[in-house]
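Taking UniProt numbering, the leading residue of the sequence shown gets 1, the next gets one more, and so forth.
If a hint is listed, it holds; no wrong ones were tucked in.
In silico DSS-like cross-links for lysine-lysine, where the CA-CA straight-line distance does not exceed 25 angstroms:
{"hint": "1", "residue 1": "Lys63", "residue 2": "Lys82"}
{"hint": "2", "residue 1": "Lys88", "residue 2": "Lys38"}
{"hint": "3", "residue 1": "Lys121", "residue 2": "Lys30"}
{"hint": "4", "residue 1": "Lys121", "residue 2": "Lys82"}
{"hint": "5", "residue 1": "Lys124", "residue 2": "Lys30"}
{"hint": "6", "residue 1": "Lys52", "residue 2": "Lys88"}
{"hint": "7", "residue 1": "Lys31", "residue 2": "Lys52"}
{"hint": "8", "residue 1": "Lys30", "residue 2": "Lys63"}
{"hint": "9", "residue 1": "Lys63", "residue 2": "Lys133"}
{"hint": "10", "residue 1": "Lys52", "residue 2": "Lys30"}
{"hint": "11", "residue 1": "Lys31", "residue 2": "Lys124"}
{"hint": "12", "residue 1": "Lys88", "residue 2": "Lys31"}
{"hint": "13", "residue 1": "Lys30", "residue 2": "Lys82"}
Think of the hints as simulated: they come from the structure by calculation, not from any bench. Note that the structure is predicted; figures quoted are calculated from it, not measured.
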Amino acid sequence: MKPSSSLSRALEITVISGENLRQNRTQWVKKNAFVNIKTDSSSNIQTTRMDKEGGNFPMWNEKLIVNMPMHARYLTVEVQCKTSSGIKTIGIARVPTSDFIGGFLPEDYLHLLSYRLRDEKGEKNGIINFSVKVKNAQSYTAGCATAYSQQWMATPVAMGSNASGGVVTGIPVYPGSY
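Construct all of the structure, not just a fragment, from the sequences and the given hints.
Written out as structure tokens, the structure reads:
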């Protein structure tokens, strides 16, 4: 395991498509839309290719790998469009990491997500569809489980004895959960 892998998680993000994207209130996106993805605490940005034909319903179906620090709280998904006057931001969605990390599902579960995009004024401007899968989640616990493979044998304890015993409850502690 690399030293930096305990400080970050690799996310496999597939940017699928966008819906109802507008350049402004009256003009639909015609072509050249692309997506930037970054975490809240990183300057590392991953970018899709431009969709040159999709119009206001672009399709990318592009897989990106994003290294997300363990302490990151948000994933920022930004849809932009290249126009004759330059690059224009169509909309931004801030995705809480709690939407795809933690909870009752395993960390390597494929999460299909759709988020409302907001423009610079905070107004609704389309939807972005993507999936997220945490890639190296199992590496934190696999080392202990595979390194120690001794068979355990239970020993009965007589009721009422003073064998310095009692009930013990084990609570797993994972990196970043405290």
